[in-house]
Amino acid sequence: MKLVRLVLEFVEQHGSGRFKGKIPIEGYERDAIIYHLQLLADSGYVNLGQETLLNMGPLLLTWKGCDYLDELRRGEQGGTK
81 MKLVRLVLEF VEQHGSGRFK GKIPIEGYER DAIIYHLQLL ADSGYVNLGQ
131 ETLLNMGPLL LTWKGCDYLD ELRRGEQGGT K
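Residue 119 in my numbering is what sits at position 39 of the sequence shown, and the numbering runs on without skipping anything.
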């Protein structure tokens with residue numbers, strides 16, 4: 081669950097309609113980061129274009145993703161997650 085939160089936070093901070101670049105998250109392999117990013121996109125938490133990770137494209141948090149990230153943050157503050 082920690083990597084999910086870190087990926088969502090990265091997208092919140094660095095995402096854009098024309099994202100180009102890497103998603104460096106310390107302590108995690110690139111393949112794990114991309115896998116979780118694709119799962120988040122498939123679940124509707126992020127908007128990820130087909131070419132975003134290879135070239136340039138959208139990488140944006142959806143409304144659902146914003147709500148879920150808020151929920152994860154609240155859970156951490158309350159000590160439930």
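Wrong hints could be hidden among the right ones.
[Unchecked claim] Beta-carbon label-pair distances, calculated as ranges:
#: 1; residue 1: Gln130; residue 2: Glu106; range: 26 to 32 Å
#: 2; residue 1: Gln157; residue 2: Leu134; range: 23 to 29 Å
#: 3; residue 1: Ser123; residue 2: Gln93; range: 18 to 24 Å
#: 4; residue 1: Arg154; residue 2: Gly107; range: 19 to 25 Å
#: 5; residue 1: Pro104; residue 2: Leu140; range: 26 to 32 Å
#: 6; residue 1: Glu156; residue 2: Asn135; range: 33 to 39 Å
#: 7; residue 1: Gln130; residue 2: Arg110; range: 24 to 30 Å
#: 8; residue 1: Asn135; residue 2: Gln93; range: 19 to 25 Å
#: 9; residue 1: Glu131; residue 2: Glu89; range: 30 to 36 Å
#: 10; residue 1: Gly155; residue 2: Gln130; range: 28 to 34 Å
#: 11; residue 1: Leu134; residue 2: Gly155; range: 17 to 23 Å
[Stated by the list, open to error] Each computed EDC-like pair below joins lysine to aspartate or glutamate, with the alpha-carbon atoms no more than 16 Å apart:
#: 12; residue 1: Lys100; residue 2: Glu156
#: 13; residue 1: Lys144; residue 2: Asp122
#: 14; residue 1: Lys144; residue 2: Asp111
#: 15; residue 1: Lys82; residue 2: Glu106
#: 16; residue 1: Lys82; residue 2: Glu151
#: 17; residue 1: Lys82; residue 2: Glu131
#: 18; residue 1: Lys102; residue 2: Asp122
#: 19; residue 1: Lys100; residue 2: Asp150
#: 20; residue 1: Lys144; residue 2: Glu131
#: 21; residue 1: Lys144; residue 2: Glu109
#: 22; residue 1: Lys100; residue 2: Asp122
#: 23; residue 1: Lys144; residue 2: Glu89
Derived by calculation from the structure, the hints in this document are not laboratory data. The beta-carbon is built from N, C-alpha and C at its ideal position, and this holds for glycine as well.
How the hints compare with the structure:
1. The beta-carbon spacing between Gln130 and Glu106, approximately 27 Å, falls within the hinted interval of 26 to 32 Å.
2. Here the CB-CB span from Gln157 to Leu134 is close to 37 Å, at odds with the stated 23 to 29 Å.
3. For Ser123 and Gln93, the hinted distance range of 18 to 24 Å is satisfied, since their beta carbons lie about 20 Å from each other.
4. Restraint check, Arg154 to Gly107: a C-beta distance of roughly 24 Å satisfies the suggested window 19 to 25 Å.
5. Taken as a hint, the range 26 to 32 Å is violated for the pair Pro104 and Leu140, whose Cβ atoms sit roughly 19 Å apart.
6. A hinted range of 33 to 39 Å for the beta carbons of Glu156 and Asn135 is consistent with their spacing of about 34 Å.
7. Range check, Gln130 to Arg110: Cβ separation about 18 Å, and the 24 to 30 Å hint is violated.
8. Checking the proposed 19 to 25 Å range against Asn135 and Gln93 shows it holds: the Cβ atoms sit about 21 Å from each other.
9. As the Cβ distance of Glu131 to Glu89 is approximately 23 Å, the hint placing it in 30 to 36 Å is violated.
10. Take Gly155 and Gln130: their Cβ atoms lie about 32 Å apart, and the range 28 to 34 Å holds.
11. At about 34 Å, the beta-carbon gap between Leu134 and Gly155 misses the expected band of 17 to 23 Å.
12. Annotation: proposed proximity of Lys100 to Glu156 is violated, straight-line Cα distance about 30 Å (limit 16 Å).
13. For the given pair, Lys144 sits about 12 Å from Asp122 by alpha-carbon distance, which is consistent with the 16 Å threshold.
14. Proximity of Lys144 to Asp111 is assessed by CA-CA distance (about 24 Å); at most 16 Å being required, the pair is judged violated.
15. In summary, the hint linking Lys82 to Glu106 is supported, as the alpha carbons are separated by about 12 Å, within the 16 Å threshold.
16. Taking the CA atoms of Lys82 and Glu151, the gap is about 13 Å. The hint holds against a cut of 16 Å.
17. A C-alpha spacing of about 26 Å is found between Lys82 and Glu131, which places the hinted pair above 16 Å, so the restraint is violated.
18. With a CA separation close to 20 Å, the supplied pair Lys102 and Asp122 exceeds the 16 Å bound.
19. About 25 Å separates the Cα atoms of Lys100 and Asp150, which puts this hinted pair outside 16 Å; it is violated.
20. Restraint check for Lys144 and Glu131: the C-alpha separation of about 22 Å exceeds 16 Å, so the hint is violated.
21. Distance hint between Lys144 and Glu109 is unfulfilled; the C-alpha atoms sit about 26 Å from each other, more than 16 Å.
22. In summary, the hint linking Lys100 to Asp122 is not supported, as the alpha carbons are separated by about 20 Å, beyond the 16 Å threshold.
23. This hinted pair checks out: Lys144 and Glu89 have alpha carbons roughly 14 Å apart, not beyond 16 Å.
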